[in-house]
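> One-letter residues, chain by chain:
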Amino acid sequence: MTDALDRLDLLELDADLEEENRLLRDTVRKFADDRLRPNIRDWFEAGELPARELAEEFGALGVLGMHLEGYGCSGASSTQYGIVCAEIEAVDSGLRSLVSVQGSLAMYAIRAFGSEEQRQRWLPPMAAGRALGCFGLTEPDAGSDPGSMRTYARRDGEDWILHGSKMWITNGSVADVAVVWARTDDGVQGFLVERGTAGFTTTDVHHKLSLRASVTSQLSFDDVRLPSDAVLPSAEGLRAALSCLTEARFGIVWGVTGAARDALAATLDYAGTRTQFGRPIAGFQLTQRKLAELAVSLGQSQLVARRLGQLKDSGRIRPHQVSFGKFANVKAALEICREARSILGGSGITTEYPVLRHAVNLETVFTYEGTHEVHTLVLGAQLTGLDAYR
Amino acid sequence: MNIVVLVKQVPDTEGDRKLDPSDRTIDRTSVDPVINYIDEFAIEEALRLKEEHGGDVTILTVGPEQATVSIRKALSMGADKAVHVCDEALHGACAIQTATVIAKALGTVEWDVAIAGSEATDSRMSVVPALVSEVLGAPQLSQARKVSVDGSTVTIERVTETGFDRVQAPTPVVISVVEKINEPRYPSFKGIMAAKNKPIEVLDTAALGLDAGTLGLVNASTAVVSFEVAPPRAAGQVVKDEGDGGVKIADYLASKKLV
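Quick mapping for you: the protein sequence lines, in order, are chains A and B.
Note that numbering that gives the first Met the number 0 gives residue 99 to position 100 of the first sequence, counting from 1, and the numbers run on in steps of one.
Note that numbering that gives the first Met the number 0 gives residue 201 to position 202 of the second sequence, counting from 1, and the numbers run on in steps of one.
A portion of the hints provided could be inaccurate.
Said to hold, decoys possible - Cut-off 25 angstroms, straight-line C-alpha distance, at most; resulting in silico cross-link-like pairs (BS3-like, lysine-lysine):
1. 29(A) x 80(B)
2. 189(B) x 29(A)
3. 29(A) x 197(B)
4. 29(A) x 195(B)
For the record, the hints were derived by calculation from the structure and aren't laboratory data.
Keep in mind that this is a model prediction, so the values were computed, not measured.
Here chain A stands alone, though its shape is the one from the complex (with noise of 0.2 angstroms):
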């Protein structure tokens, strides 16, 4: 899998990680292989994640919330979590998906615009991962038109009541902190709503076919009565929202090319070992042409991943960069492991290779963190300065 990974390196990309990134590279990936892939099929097929076990491994690694500054976390780069995600993604996009619900979602928002109290209180545990947290915005019926959320919070004296639901929230079940957004008299804002409110339930969602190793939940507000401080102070309508998903997007466009390089490695070692009419099919033009057109695909998915890395890094990243990434990056791991699968023939349709696990967890992503659709509108918006849906 090593000389793979190596011959699949045909940009030498690698060469140029610096020496602490390399060792970060080398230490998560060693944690991935050691604690995460042994058990990544069983998860998978069961439907199940040990979502707060893992959340303590990540947590000593450092790894949540990485990129913010102060408050128990890191202060990594921005191409430092980049790395992160990537060797998380390899082993699955779930693993990945809780990671950056944890860290550019939940402590995300807190740190961006939460109260003093609020951050003391909540990202020294959620770095350390003995507190989990999840990000609802999206509803039944409000989806890529986040504008239309029901969810409404009103004022009773001092206090809020929160009233509602949220669907396909990432970790909702095992969350002790919700960030959650409603419509209020004065626009939308941001509230931490604490396990075990009452009025507040969770129900998960089952029956998926993708993101199996993911939790994945409906929260439910039933004139959920929370306190005046706990609303995000700093959170000032929709766009603070959408700046949170933005941030979680950047991990997205370096996650996805761990899942595209894991399936091509993966196909590589196959082709090189499987024989028909007395040779490898690695030998065969058309097994060839798959592999050529597959390793240059994840290799200008990597440059667009280090590229944004750049930018984010330099201050200058802008959001339709982001969704360029998403776009391009996205699209093309979906279509490595789909392409990948035809190589590995029958065997690419069991759990036994990660290559159609990490196709069928691509088509969540695809959809999840602003649709492709939507990130093409926001691109064409930026081409021809027309806005398309807004």
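Take the given structure of chain A and dock chain B to it, following the hints.
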């Protein structure tokens, strides 16, 4: 209590390891260099002892310039500082020379306990910890699967073929550990970033008061006389059972003088 961990950088056992045909020493360029596997357990044990008893953990490595990568990894696990003995004169050094250098380098650090892995995956001689004890005249506690410290008394459980012996010695003491002893931690991200700023003291043999003219391959007490690359595995011999399979197998084993 101050602890020194003896860490060796070796070629990755998962790579295709080679000897350099020109001088029959290890070819350190053909395979990725890594921390000797069992030394990670020695580092972990040192960190645990530090957490329990306080003090500093120093990494001591004898090796070429590229060993810095392994030293940084050891520092990222939580060690405080490092001493790196790096000198071209040590190329091809034998185990006795290495032990002499380590003993000298230990003289530059304040320490109570020196911990090593019980063997290195490249040479597999398992003698350096014992040689270091001998050179220093310090007691040796070898093959430890458990280490406990009470004041200046160190007690270990030494693995034997049938169980374990409980062995005790006063500090300063040299300990070698086996891989049953613990589970090495992963470096944390904070540890990786902190390691960048931890001090690594680089010393050559002159700084240790050693005469470079007495060291290295030409002065080694052992020599690799010759070596061959293992031949590729030959195709097996198929014995077809035509009612006499048992006899054929017995004949084959007899022809190899195995029965």
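> Run every hint past the structure and note whether it holds.
Against the structure, the hints come out as follows:
For the hint linking residue 29(A) to residue 80(B), the alpha-carbon distance of about 24 angstroms falls within 25 angstroms, and the restraint holds. About 17 angstroms separates the Cα atoms of residue 189(B) and residue 29(A), which keeps this hinted pair within 25 angstroms; it holds. Between residue 29(A) and residue 197(B) the alpha-carbon distance is near 23 angstroms, which keeps this suggested pair within the 25 angstroms criterion. Of the pairs offered as hints, the one joining residue 29(A) and residue 195(B) holds, with about 21 angstroms between alpha carbons and a cut-off of 25 angstroms not exceeded.
When each numbered hint is compared with the structure, no violation occurs for any of them.
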